[in-house]
Amino acid sequence: MGINSPLTQNLMPNKTFFWFFLPTGLAMILFIGLPIISTGIQSFYAQHDQVVKEVKKCDPFGCTVSIVVDNEETTKLREEKPLGKFNGFGTYVDRNHLAIDEIKKFWNETENFGAFVDQVTNLPFYKALIFTLTYCLFVTPNVLLLGFIIALSLNAVARKIRGPLIFGTILPMIVTPLVGSLVLFWMIDSQGIIGANIQNLMNDPYLSLKSSKTLTWITIIIYGIWHHSPFAFVVFYAALQTVPQEPVEAAIIDGASRFQRIKHIVLPHIYPVVTFVALISLMDNFRVFEPIIGFSAEGSAQSLSWLIYDNLVNEEVILFGSAAATSMMTIVGIAILLAPVLIRTWKEFKTAR
Amino acid sequence: MRKILVTLLFLLFGTSAFADCNIKSGSINILANDFPALRTFVETSKQCKGSADFKVTHSSEHNKIAVPALTANPSEFSARIAANSSIVPLMNQDLIRPLDDLVKKYGKGIQDSQLITIDGKVMAVAFMANTQHLYYREDVLKDLGIAVPKTYEEVVAASEKIRASGKMQYPYAAAYKAGWNLAEEFVNMFIGHGGEFFKSGSAQPNINNAKGVATLNMLKKLSELSNPDYLTHDSEAIKVEWESGNVALMTLWASRSGTLLDDEGDPNITKATKLSGPATVGGGNIPAATLWWDGFTLAKNRSDADAEATFRALAHAASNKKMVADAADQAVWLVEGFVPTPKSIGVIEAVKMGAKPYPMLPQMGLMHGALGSEIVEFLQGKESAEQALKDVEAAYISKAKEQGFL
Chain A
1 MGINSPLTQN
11 LMPNKTFFWF
21 FLPTGLAMIL
31 FIGLPIISTG
41 IQSFYAQHDQ
51 VVKEVKKCDP
61 FGCTVSIVVD
71 NEETTKLREE
81 KPLGKFNGFG
91 TYVDRNHLAI
101 DEIKKFWNET
111 ENFGAFVDQV
121 TNLPFYKALI
131 FTLTYCLFVT
141 PNVLLLGFII
151 ALSLNAVARK
161 IRGPLIFGTI
171 LPMIVTPLVG
181 SLVLFWMIDS
191 QGIIGANIQN
201 LMNDPYLSLK
211 SSKTLTWITI
221 IIYGIWHHSP
231 FAFVVFYAAL
241 QTVPQEPVEA
251 AIIDGASRFQ
261 RIKHIVLPHI
271 YPVVTFVALI
281 SLMDNFRVFE
291 PIIGFSAEGS
301 AQSLSWLIYD
311 NLVNEEVILF
321 GSAAATSMMT
331 IVGIAILLAP
341 VLIRTWKEFK
351 TAR
Chain B
1001 MRKILVTLLF
1011 LLFGTSAFAD
1021 CNIKSGSINI
1031 LANDFPALRT
1041 FVETSKQCKG
1051 SADFKVTHSS
1061 EHNKIAVPAL
1071 TANPSEFSAR
1081 IAANSSIVPL
1091 MNQDLIRPLD
1101 DLVKKYGKGI
1111 QDSQLITIDG
1121 KVMAVAFMAN
1131 TQHLYYREDV
1141 LKDLGIAVPK
1151 TYEEVVAASE
1161 KIRASGKMQY
1171 PYAAAYKAGW
1181 NLAEEFVNMF
1191 IGHGGEFFKS
1201 GSAQPNINNA
1211 KGVATLNMLK
1221 KLSELSNPDY
1231 LTHDSEAIKV
1241 EWESGNVALM
1251 TLWASRSGTL
1261 LDDEGDPNIT
1271 KATKLSGPAT
1281 VGGGNIPAAT
1291 LWWDGFTLAK
1301 NRSDADAEAT
1311 FRALAHAASN
1321 KKMVADAADQ
1331 AVWLVEGFVP
1341 TPKSIGVIEA
1351 VKMGAKPYPM
1361 LPQMGLMHGA
1371 LGSEIVEFLQ
1381 GKESAEQALK
1391 DVEAAYISKA
1401 KEQGFL
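Chains as they are written, first to last, in my numbering: chain A, 1 to 353; chain B, 1001 to 1406.
Calculated directly from the structure, the hints in this document are not laboratory data.
All residues carry an ideal CB built from backbone N, CA and C; glycine is no exception.
The reader is advised that the hints may include incorrect statements.
Claimed, not checked - Restricting the straight-line Cα-Cα distance to at most 27 angstroms, the calculated cross-link-like pairs of lysine-lysine (DSS-like) are:
{"hint": "1", "chain 1": "A", "residue 1": "K105", "chain 2": "B", "residue 2": "K1401"}
{"hint": "2", "chain 1": "A", "residue 1": "K105", "chain 2": "B", "residue 2": "K1199"}
{"hint": "3", "chain 1": "A", "residue 1": "K76", "chain 2": "B", "residue 2": "K1121"}
{"hint": "4", "chain 1": "A", "residue 1": "K104", "chain 2": "A", "residue 2": "K127"}
{"hint": "5", "chain 1": "B", "residue 1": "K1352", "chain 2": "B", "residue 2": "K1274"}
{"hint": "6", "chain 1": "A", "residue 1": "K76", "chain 2": "B", "residue 2": "K1401"}
{"hint": "7", "chain 1": "A", "residue 1": "K81", "chain 2": "B", "residue 2": "K1401"}
{"hint": "8", "chain 1": "A", "residue 1": "K56", "chain 2": "B", "residue 2": "K1108"}
{"hint": "9", "chain 1": "B", "residue 1": "K1390", "chain 2": "A", "residue 2": "K127"}
{"hint": "10", "chain 1": "B", "residue 1": "K1390", "chain 2": "A", "residue 2": "K213"}
{"hint": "11", "chain 1": "B", "residue 1": "K1220", "chain 2": "B", "residue 2": "K1199"}
{"hint": "12", "chain 1": "B", "residue 1": "K1356", "chain 2": "A", "residue 2": "K56"}
{"hint": "13", "chain 1": "A", "residue 1": "K105", "chain 2": "B", "residue 2": "K1390"}
{"hint": "14", "chain 1": "B", "residue 1": "K1220", "chain 2": "A", "residue 2": "K127"}
{"hint": "15", "chain 1": "A", "residue 1": "K56", "chain 2": "B", "residue 2": "K1105"}
{"hint": "16", "chain 1": "A", "residue 1": "K56", "chain 2": "B", "residue 2": "K1121"}
{"hint": "17", "chain 1": "A", "residue 1": "K104", "chain 2": "B", "residue 2": "K1382"}
{"hint": "18", "chain 1": "B", "residue 1": "K1220", "chain 2": "B", "residue 2": "K1167"}
{"hint": "19", "chain 1": "B", "residue 1": "K1300", "chain 2": "A", "residue 2": "K53"}
{"hint": "20", "chain 1": "A", "residue 1": "K213", "chain 2": "B", "residue 2": "K1221"}
{"hint": "21", "chain 1": "A", "residue 1": "K104", "chain 2": "B", "residue 2": "K1390"}
{"hint": "22", "chain 1": "A", "residue 1": "K56", "chain 2": "B", "residue 2": "K1104"}
{"hint": "23", "chain 1": "B", "residue 1": "K1321", "chain 2": "B", "residue 2": "K1024"}
{"hint": "24", "chain 1": "B", "residue 1": "K1401", "chain 2": "A", "residue 2": "K127"}
{"hint": "25", "chain 1": "A", "residue 1": "K76", "chain 2": "B", "residue 2": "K1300"}
{"hint": "26", "chain 1": "B", "residue 1": "K1390", "chain 2": "B", "residue 2": "K1221"}
{"hint": "27", "chain 1": "A", "residue 1": "K104", "chain 2": "B", "residue 2": "K1401"}
{"hint": "28", "chain 1": "A", "residue 1": "K56", "chain 2": "B", "residue 2": "K1352"}
{"hint": "29", "chain 1": "B", "residue 1": "K1382", "chain 2": "A", "residue 2": "K127"}
What the hints assert, rightly or not - Pulled a few chain B residues facing chain A out of the computed Cβ check, cut under 8 angstroms:
{"hint": "30", "residue": "K1064"}
{"hint": "31", "residue": "V1088"}
{"hint": "32", "residue": "S1113"}
{"hint": "33", "residue": "D1119"}
{"hint": "34", "residue": "A1126"}
{"hint": "35", "residue": "Q1169"}
{"hint": "36", "residue": "G1179"}
{"hint": "37", "residue": "L1231"}
{"hint": "38", "residue": "L1291"}
{"hint": "39", "residue": "W1293"}
{"hint": "40", "residue": "P1357"}
Based on the provided sequences and hints, a complete structural model is requested.
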């Protein structure tokens, strides 16, 4: 054995690790790191002041005098400073993002806290943030719970039928998110199978799942749970296969109930995997986007990712600065959300050493 | 064998003689919206492509592709079929070229009224006009003894009567999908009330006033008479509603009348579908509608040879008497030789009534975007009209500051 302790023998030497990691690392820098830096830089710039001039415009309906952008002047400005006008955190604090000035104003002007909250949640960024967080908070735990229950149940059924059952269970994940949400969208239409039945059930012909904000949110959250559970299930199911059988058998002999076995043996064993799934789910859910498009829910539910999309494609003028600022804040948001889990993992890692 | 060859030669020379445009080289790539009239237009221009390469992208997402695709150098597309609103971002970014020389050289059949000139330079060649106007079900209105509505107040009254009669639960429809469509309805109604979007001579918003409130209240009244899912309905969705017989009064694009009145669907509904001009609102005398033109523009970042080939092909269609005669039902063509049909009544009435064109201002796109998302909560009954208008102005101001307009 020599001087190497068994522990260090199992670890990869740093040099080997470096060469293994190099291709991945380079790809990450190129495709993730640099774009993030570029986005960050872009978020600090705004467009140059527009130079406009009055001109005569004629079309089939007549002539008018109105303004156009003076392209010669603008080209000169652009050539001098191709990035635009430096704006610092200007975009971050404007009304469409953190809205610092507006919030101060609301705080001074509103009489009670409720009115203040109403005003703040009416701002686009906070509106989107609240939906995004609500979605995360409802979807993530339910995905973990449902995934775990499905994994446990499937683990208990006869091996023969397990294959087809597993396939059926992961189907929601295989279906493209947009298609999945569109199918549900048509089902909840006021003339679709779910929508029409709910109207009958509630005896309210004006009830529409799509026009009510609350019901739209609930629909999207249910869709999110349906779509993400298979991922949790697959990982949990794999983890369940590694649970050692001896302690379980011992527990059975000791008279432990099924619930007690799961609580005291299975859960502690697969705990790291739960953390992993929770992390990935949180990250995924914080970027919720497809269902909003699929359900045409822009009116009732906006997420941070949707705001970025809106700035980039829904405007006839592309708002790069706005989109970049929201992107950066989304990254910060994910970091804040993940911080508790990451800190905990880091502590455990240190104590394990 | 010889016969086939002769036929082929005949076809080859036959078409080029007919098309009269013998294009020898260059490549043509067109970006256009997707509706029947534009397909006809592009197909017609293809007839005269000669030996040039010819590609076309028809997409309802054309607005999202246009600026990035034309910014590239060389540009992906050599031509973009644009409209009053979508030419603005191209102008703002200096992405399209003046057409004066090409018009002089190859634009014989194009009428002067088709030329879109900005600051004395021809920037686009229009070939059709469009607007949103009223469609009504003659049978339903007759049964209940309702006169064809001329104002939105009458539309509301008529719809309420139809609902009360139990014939239809949601008798009115318009494209109120949150975003661009909903904002377009606001623009129409606001112009109908005589509103101006900006304080004169500046980019400062001017919608938070009595006219804005009246506009929102009218939109809300109409939305209450529409299918409760109205915030998810675009032009295509309300067309389907109409064809299912759920709707008796509708505001829809003139360019959609072709597919609405085709042979597909229930013949009784198609037979009873009638068109009238756009409605006025609030006692105003100009219609609550905007006039639109569709025309072609040429990319700046593309070789002169490609631009020339593209112009010749498109000019062939934009001056084609045969096309406008064959497809007279599909659009109101601005091309010489067009004879209006019953389906063009919407646009012709709108022009007669003095409808205004959609404002072709550099900052209008930002206002349109802000309207599309900020008035939703008012329609849902979650905030007051004044608050919604205040939000629109605030959202617009932030965006306009970022873009350097304020």
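Here's how the hints hold up against the structure:
no.: 1; hint: A/K105 <-> B/K1401; verdict: holds (20 angstroms)
no.: 2; hint: A/K105 <-> B/K1199; verdict: holds (25 angstroms)
no.: 3; hint: A/K76 <-> B/K1121; verdict: holds (21 angstroms)
no.: 4; hint: A/K104 <-> A/K127; verdict: holds (17 angstroms)
no.: 5; hint: B/K1352 <-> B/K1274; verdict: holds (19 angstroms)
no.: 6; hint: A/K76 <-> B/K1401; verdict: holds (20 angstroms)
no.: 7; hint: A/K81 <-> B/K1401; verdict: holds (18 angstroms)
no.: 8; hint: A/K56 <-> B/K1108; verdict: holds (24 angstroms)
no.: 9; hint: B/K1390 <-> A/K127; verdict: holds (16 angstroms)
no.: 10; hint: B/K1390 <-> A/K213; verdict: holds (21 angstroms)
no.: 11; hint: B/K1220 <-> B/K1199; verdict: holds (26 angstroms)
no.: 12; hint: B/K1356 <-> A/K56; verdict: holds (16 angstroms)
no.: 13; hint: A/K105 <-> B/K1390; verdict: holds (14 angstroms)
no.: 14; hint: B/K1220 <-> A/K127; verdict: holds (22 angstroms)
no.: 15; hint: A/K56 <-> B/K1105; verdict: holds (24 angstroms)
no.: 16; hint: A/K56 <-> B/K1121; verdict: holds (10 angstroms)
no.: 17; hint: A/K104 <-> B/K1382; verdict: holds (23 angstroms)
no.: 18; hint: B/K1220 <-> B/K1167; verdict: holds (22 angstroms)
no.: 19; hint: B/K1300 <-> A/K53; verdict: holds (21 angstroms)
no.: 20; hint: A/K213 <-> B/K1221; verdict: holds (19 angstroms)
no.: 21; hint: A/K104 <-> B/K1390; verdict: holds (17 angstroms)
no.: 22; hint: A/K56 <-> B/K1104; verdict: holds (21 angstroms)
no.: 23; hint: B/K1321 <-> B/K1024; verdict: holds (24 angstroms)
no.: 24; hint: B/K1401 <-> A/K127; verdict: holds (21 angstroms)
no.: 25; hint: A/K76 <-> B/K1300; verdict: holds (17 angstroms)
no.: 26; hint: B/K1390 <-> B/K1221; verdict: holds (20 angstroms)
no.: 27; hint: A/K104 <-> B/K1401; verdict: holds (20 angstroms)
no.: 28; hint: A/K56 <-> B/K1352; verdict: holds (23 angstroms)
no.: 29; hint: B/K1382 <-> A/K127; verdict: holds (13 angstroms)
no.: 30; hint: K1064; verdict: holds (4 angstroms)
no.: 31; hint: V1088; verdict: holds (7 angstroms)
no.: 32; hint: S1113; verdict: holds (5 angstroms)
no.: 33; hint: D1119; verdict: holds (4 angstroms)
no.: 34; hint: A1126; verdict: holds (5 angstroms)
no.: 35; hint: Q1169; verdict: holds (6 angstroms)
no.: 36; hint: G1179; verdict: holds (6 angstroms)
no.: 37; hint: L1231; verdict: holds (4 angstroms)
no.: 38; hint: L1291; verdict: holds (5 angstroms)
no.: 39; hint: W1293; verdict: holds (5 angstroms)
no.: 40; hint: P1357; verdict: holds (5 angstroms)
Hint violations for this structure: none, all hints satisfied.
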